[in-house]
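K.L.:
For the record, the sequence lines run as chains A and B. Number 157 marks the last residue of the first sequence (my numbering); no jumps. Number 424 marks the last residue of the second sequence (my numbering); no jumps.
Because the hints were derived from the structure by calculation, they are not lab data. We treat Cβ as the ideally placed atom computed from N, Cα and C, and that holds for glycine. One thing to keep in mind: the hints can contain errors.
[Claimed, not checked] Partial selection, computed: residues in chain B whose CB lies under 8 angstroms from chain A:
1) Leu183
2) His403
3) Gly420
[Said to hold, decoys possible] If you anchor each label on the Cβ, the simulated ranges turn out as follows:
4) A/Arg46 - B/Met177: 23 to 31 angstroms
5) B/Asp33 - A/Ile114: 36 to 44 angstroms
6) A/Thr6 - B/Pro203: 54 to 62 angstroms
7) B/Arg34 - A/Arg70: 30 to 38 angstroms
8) B/Lys344 - A/Arg70: 53 to 61 angstroms
9) B/Thr224 - A/Phe47: 29 to 37 angstroms
10) B/Gly258 - A/Lys143: 30 to 38 angstroms
11) B/Gly235 - A/Pro74: 36 to 44 angstroms
12) A/Arg46 - B/Asn173: 14 to 22 angstroms
13) B/Leu202 - A/Arg77: 47 to 55 angstroms
14) B/Asn226 - A/Ser40: 15 to 23 angstroms
15) B/Ala266 - A/Pro74: 37 to 45 angstroms
[Unchecked claim] Per the computed footprint, the stretches of chain A lying under chain B, defined by three or more beta-carbons under 8 angstroms from a beta-carbon of chain B, are:
16) 5-18
17) 21-34
18) 37-49
19) 59-71
20) 97-107
21) 135-147
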Amino acid sequence: MGVVTTTLDTAVNWARTGAMWPLLFGLACCAIEMMATQASDYDLSRFGMELNRASPRQSDLIIVAGRVTRKMAPVVRQLYDQMASPKWVIAMGDCASCGGVYNNYAVVQGVDEIIPVDVYIAGCPPRPEQLIHGILTLHEKIKGDSLRNAVYVKELA
Amino acid sequence: MAVSHVEGTSVGAVAQESTWEGNVEELRGLVSDRALTGETMLLNMGPHHPSTHGVLRLLLELDGEQIVTCLPDVGFLHTGIEKNIEAKTYEKGVTLTDRMDYLSPMSNNMVFCLAIEKLVDLDVPARAQVIRVICLELSRISSHLVWLGTHALDLGAMSVFLYAFREREMILNMFEMLSGQRLMGSYFRPGGVWRDLTPDFLPTLEKFLDYFPAKIDDYESLLTNNPLWIDRTQGIGVVEPEDALAWGMSGPSLRGSGVNWDIRKAMPYSGYEQYDFHVPLGEHGDVYDRFFIRILELRESVKIIRQAIQKLPGGPFRSQNRKFVPPPRAELGQSMEAVIHHFKLWTEGFSAPDAEVYVSVESPRGEIGCYLHGTGGNKPRRVHFKTPSYMHIGALPVMTKDHFIADLVAIIGSVDIVLGDCDR
């Protein structure tokens, strides 16, 4: 049984990391660097990540690229809720990670106040190489996942 | 997401109410009376929509596919930058201005530095002024390239996006040479620029200027005479010159309607009066004219940068006035006075008089203005930015009236809005 699940895990995780569809979702400055990462020079399709879906229903990953304001926070939360499990979150940039330079009335001090974050990427804005590093870190994390521990399996049980 | 017209008519309508803040009665006077009876449909577009260029929300009233009313809802990216600057010294404030209009941070730096320099009457050496012109025009090119890529992408031309970003990367690499950062360099500082040009900057720039005009021809061969592109853009989103002025439009969007207004010509700053360049004007005020003007501006910017390289003088790159500008690092080991200036400027900052100034510059999107009110101390009492994207979003209802909803995407793209610029 253990051999079967381990083999299955490897196959499933390989498939998940090889064709992960991010949500086409940008907030602020970091979204410009995210676009640069997807464009010709950095070419995110090398990692099977180029297919941005405009609908949260079809995406596996939400890259929160930019500052999340108090007015935008309910929208981000709703988008996350609309995504189908399994789903992952990358907080790109200082603002999404911890509020960045904006410690004020308007900005949520880190997107992890409203949704669970898998990988944080520092930088204001992070370079495309940093975003790629963050994505590969997420891939490593997914490769260590097991179907037996999956959150949605526990939810079903 | 369609909003129900009559409350509580069906289960679906009840489910929608949880996300709909308020009821349709609150829109009386904003939408036509037909929307209140349910004859026309209210449709919510954004804030998460790939073609609103950020987090813009539009409430649309549709008669079939035709737009009756378009109500923009801004503020989803309101960051409180103006308020944050009030808590910082003048030089530290420059860092925050980068993050307003994040496609052309240099223009924001420029207008804020100009305001400070006017407030405290600080000189800017000739070399710094020419370096600033080079950087401003480079950021105009890089901003127009993002606009071109995303505008074409919205209308279905994917390859233009990839080409435009290829050239943009070269400009960002040059910005990195100067400031150490690709986007948010904070390269302009009160009294000049942060560091002198690096030795490899000018050769790289000249190589780029030789390479880039042929690439503009490439973009044009993909779009300018493309029948699909012309069908989607000509006669769409027409703004009459009077309307454009009345709605406070500026920059290429205003010049698309044929109004000759460019701050670089009308109220020159940083020595723009010494450069020989044209201000391209449109005739029809439609999406195509606004597109074509920006393409011509790319060529004009190349021309300006070439002239700037020709006239780049020697001398200091930043003012030598030690009351406002910290001394170079090398002096700190030799001069006690330099240490004092350095300490004072990096802890307390400099003081500005209790007076108010307003300056404006021509950003790639239009007129960006800065109102700055000093207190006599080291922090400003009030900073306010008048930004072009806010005005252009305000003019969207005029431009989109009676157009099809598919044309809305073309119109939003053509005025080149940046929500960070609008909401700040």
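K.L.:
Next, verify each hint and record whether it holds.
P.N.:
Outcome of the hint check:
1. Leu183: Holds - the Cβ of leucine 183 of chain B comes within 8 angstroms of chain A, reaching about 6 angstroms at its closest.
2. His403: With a closest approach of 22 angstroms, the histidine 403 of chain B hint is violated.
3. Gly420: 5 angstroms, holds
4. A/Arg46 - B/Met177: 23 to 31 angstroms: 26 angstroms, holds
5. B/Asp33 - A/Ile114: 36 to 44 angstroms: 39 angstroms, holds
6. A/Thr6 - B/Pro203: 54 to 62 angstroms: 56 angstroms, holds
7. B/Arg34 - A/Arg70: 30 to 38 angstroms: 34 angstroms, holds
8. B/Lys344 - A/Arg70: 53 to 61 angstroms: Taking Cβ atoms as reference, lysine 344 of chain B and arginine 70 of chain A lie about 37 angstroms apart, which means the hint is violated.
9. B/Thr224 - A/Phe47: 29 to 37 angstroms: 35 angstroms, holds
10. B/Gly258 - A/Lys143: 30 to 38 angstroms: 59 angstroms, violated
11. B/Gly235 - A/Pro74: 36 to 44 angstroms: 39 angstroms, holds
12. A/Arg46 - B/Asn173: 14 to 22 angstroms: 20 angstroms, holds
13. B/Leu202 - A/Arg77: 47 to 55 angstroms: 49 angstroms, holds
14. B/Asn226 - A/Ser40: 15 to 23 angstroms: For asparagine 226 of chain B and serine 40 of chain A the Cβ distance comes to about 21 angstroms; the hint holds.
15. B/Ala266 - A/Pro74: 37 to 45 angstroms: Holds, since alanine 266 of chain B and proline 74 of chain A (Cβ atoms, about 43 angstroms apart) stay within the stated range.
16. 5-18: violated (count 0)
17. 21-34: holds (count 9)
18. 37-49: Coverage by chain B holds here, the residue count being 3 at a Cβ distance below 8 angstroms.
19. 59-71: Coverage by chain B holds here, the residue count being 4 at a Cβ distance below 8 angstroms.
20. 97-107: holds (count 6)
21. 135-147: This one is violated; 0 residues, fewer than the three required, reach chain B with a Cβ under 8 angstroms.
Figure legend: structure checked against the earlier numbered hints; hints not met, in rising order: 2, 8, 10, 16, 21.
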